[in-house]
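Each residue of the sequence shown is one higher than the one before, starting from 324 at the first, in this note's numbering.
One or more hints might be untrue.
Derived lysine-lysine pairs resembling BS3-like cross-links, with alpha carbons at most 30 Å apart [as the list claims (entries may be wrong)]:
1. K1010 / K974
2. K1010 / K1209
3. K1209 / K911
4. K708 / K696
5. K363 / K442
6. K1018 / K1118
7. K1221 / K1179
8. K873 / K744
9. K744 / K696
10. K696 / K741
The calculated label-pair distances, taken between Cβ atoms and stated as ranges, are [stated by the list, open to error]:
11. E1107 / R592: 53 to 59 Å
12. A1111 / R424: 56 to 62 Å
13. A989 / Q921: 41 to 47 Å
14. A520 / R712: 36 to 42 Å
The set of hints was computed from the structure by calculation and includes no laboratory data. Source: prediction; values computed, not measured. C-beta: ideal position from N, C-alpha, C; glycine also.
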Amino acid sequence: MLQTPERTIAQLFDGARHSSQAETRQALVAGLRQLLDDGKASARAILATPRSGIACAQRLSAVMDAVVIGLHKAATSYFYPVDNPSQSERIAVVAVGGYGRGTLAPGSDVDLLFLFPHKQTAWGESVVEAMLYPLWDLKLKTGHSVRSVEDCVREARGDMTIRTALLEARFLAGDNALFDEMVQRFDAEVVQGTATAFTEAKLAERETRVQRAGASRYLVEPNVKDGKGGLRDLNTLFWIAKYAYRVHDVRELVAAGLFDRQELQMFQRSEEFLWRVRCWMHFITGRAEERLSFDLQRQVSTAIGYAGRSGQAPVERFMKGYFRVAKDVGDLTAIVCAALEARQQKPRASFSRLLGSFAKRRRERALGHPDFKLSSQRLDVVDDKALKRDPVNLLRLYEIASRDDLAIHPDASRLVTKSLKLVSAALRTNPEANRIFIEILTARRSPEVVLRRMNESGLLGRFIPDFGRVVSMMQFNMYHHYTVDEHLIRAIGVLAEIDAGALEAEHPLANEIMPSISHRRALYVALFLHDIAKGRPEDHSIAGARIARKLGPRFGLNSAQTETVAWLVEHHLDMSTVAQSRDLGDPKTIESFAATVQTLERLKLLVVLTVADIKAVGPGVWNGWKGQLLRTLYYETELVLTGGHSGAGRKARIQAKQDGLRARLADWSTEERDAYVARHYPAYWIKVDAAEQEKHARFLREAEQAGRTTATRVETNQFRGVTELTVLAPDHPRLLAIVTGACAAAGGNIVDAQIFTTSDGLVLDTISVSRAFDRDDDELRRAERIAAAIERALKGEIKIADLVAQRRAPPPRGQTFQVEPEVIIDNVLSARHTVLEVSGLDRPGLLYDLTTAIGKLNLNIASAHIATFGEKAVDVFYVTDLTHAKITSTARHLAIRKALLEVFHLETEKAPSPKAKVPARA
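Could you put the whole structure together from the sequences, leaning on the hints where they help?
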């Protein structure tokens, strides 16, 4: 139990009766600090044992009340007592804002209003200072205002923030009558008749806030306080309801008709969960941290007590619970908005109403179904029994909305959620219901919007239970920005934009291909299902294909369409993997991929699906570099599938590219052109486009004319979103290690590396580095610094190992993400090279460490392919030994694997036992 403030203050002053005022205040602060510490400890115990977030927040608020009340007692009874106070010597201390609600998180601000009858007196100023100084000494984040009753009324009229703060005002200490006067005048002169304006202002403020915090409620690092579906949304709902319905407790909203009992329970359950999460975040970090970052997610899930289950880690189950709560908060928002909209509608004049009714009946006849009508220009059901009369209406509601581009009335969405028990096995297998779903999914107008409405009402997961399993499911990694269900819906949105020809500049190949695709419905279904088996113990691509074979016939697809969907789901990662981590200039790569794809139609479907999948992962994941890789893979594979890829065909394409370069170099002599063309091997002509070939030719010529065998060139590439560093140098095994080390030392993040050796012993490397600056001039200056460091390192003027060591971060105490390192050694993927695929936790300097280790193993790197998926790096190297032969010895394989696995533990003292198995593909 908390000691009463009066007793605490009396004890403190009794002990310091003969001390100076400064010493007394010092003793007061020490006593109050102990009170706060004890209170925080008891609040944390409440959070840990009964596991109640709201009780914890209320305890913290009660402790703060004791401190503030005690300080008021000290200021008015001990420091500045007044025996016969005048009318002006009155003060009320009031909690406002979040503190006014009687709930505080451990790191929350303490907002106080010092209320006076008229202007502040010298006595009042002394009392305020005597209360504030100890609060500041206690290191509390205290916000305060000093106002008269008249000030409060006047400023609340003109400022919605002040109005909201006063709406939750709570008396703490002092003159209660003064506080009552303020409340009465605020209610009569500010609140009365202004509910509409307040509601509009709060909803507009909410929109701005959630856009700032992240517009989707399904962001994988949500803001618990200010994000969409967070605590501030619940606060806003109650502020609006309190203002419009004149209630003082959320439970009164049932009697007011705004919520039913089930919705009230949803509000209370959501509030409790969010408070529990927020309090743990503040306790764990020791500060007012509101973003539920990846590192906090693990700690909070452990603190709350989540356990792993059914292939999902504890943190993933916790975050699934979080996103379900965020969705519930969204549902409550829609309910309140609909109710307020209905309250604010005004009846029109009778003649206007008569004309309006004729027009409305005409529009409702156009809806094509008697169970639906228009309410306030939104699609609604004619009565509460419309869905029960025909459960297919659950889907028909969304079909009409999609077809006619209509908003759905919140009352209809609310009825859908209440009627989910109507979704039975019979409805799921109903041919008409499934026809409607496919029409919605493949609609040419905003399928993403309608699918999201269906998901938020709960219908989508109930109608397709396999989809229901991934609703609100997050993947605990830095690559995916959204929950699985949100990713799938966004992917459909990207596909619809490509289908409509809206993304031609960004996705030229996909836009060109889309009209020629025969299996359009299969593509939409496959994209909708491609990640539907996430969170299961087995490979989600294989499990997803099995689900696709089950759902295809139900959706009305024939056997060929169903098999196409299943194949696309099973292979939906193949094209991205090959494009980003294989040598596209190696004929074996293309032949192997073509053998997997088999038909041109599948290739078309797969490239469009891959584009939509990557684009929907999150902002910044798609870039022109990935698009270029996919186009190269597509065009090379198309030649194989259409019979154009033979030895003669490849030679003809190389000859055509060589002739094209000769034409571009018209200012060179014939002898110079022929000599230059002869310097490059076939892989160069296959992989490099014509414009880049010309740049290379002129770069090499300028270096030769200057008598340089070591040179660099930098250029920004806006389309690919990278900065390109071209390096010319004499060939030697550690060249790539030196280049990557110089980049690491200069802070350059390498995203791709193309390595070409000329017939006269030079290496032409093109290193693509992710941009650090938006402006080209800033980015080029940075690139020039990296290029200069590369040249100096190649000339032996600086020691790269020392530079990298200086920049290397100290070993982390604990890793947020765990990625098991793996090394695969493959002699089948390439006819001429051994392929090393190395994956593990990414970190600065990793590529340098890997290439250094490969150099020490006396291996030549012919090409390198760098891919990063959030925290996971997947780097692939095409290598040979020093005799330019493949590595076939089992003993060498074990040595390579051991050396590369150890790279991932350079920054820790503990090295794991390397994987000892020899891969089957070796």
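So, going through the hints one by one against the coordinates:
1. Between K1010 and K974, the direct Cα distance comes to roughly 14 Å. Compliance with the 30 Å bound is thereby established for this hinted pair.
2. A distance of roughly 22 Å separates the Cα atoms of K1010 and K1209; the hinted pair therefore holds under the 30 Å criterion.
3. Distance restraint check for K1209 and K911: the Cα-Cα separation of roughly 15 Å lies within the 30 Å cut-off, and the hinted pair is therefore satisfied.
4. Taking the CA atoms of K708 and K696, the gap is near 14 Å; set against the 30 Å cutoff, the hint holds.
5. The suggested pairing of K363 with K442 is violated, with an alpha-carbon distance near 37 Å, which exceeds 30 Å.
6. This hinted pair checks out: K1018 and K1118 have alpha carbons roughly 24 Å apart, not beyond 30 Å.
7. Among the hinted pairs, K1221 with K1179 is consistent with the structure: their alpha-carbon atoms are about 13 Å apart, no more than 30 Å.
8. For the given pair, K873 sits about 23 Å from K744 by alpha-carbon distance, which is consistent with the 30 Å threshold.
9. Distance restraint check for K744 and K696: the Cα-Cα separation of roughly 23 Å lies within the 30 Å cut-off, and the hinted pair is therefore satisfied.
10. Our distance criterion of 30 Å between C-alpha atoms is met by K696 and K741, whose separation comes to about 19 Å.
11. Distance hint check for E1107 and R592: the Cβ-Cβ separation is about 58 Å, which falls inside the suggested range of 53 to 59 Å.
12. Checked against the hint of 56 to 62 Å, the C-beta distance between A1111 and R424 comes to roughly 59 Å, which is consistent with it.
13. The supplied range of 41 to 47 Å is met by A989 and Q921, whose beta-carbon atoms lie about 43 Å from each other.
14. Checked against the hint of 36 to 42 Å, the pair A520 and R712 passes, with Cβ atoms roughly 41 Å apart.
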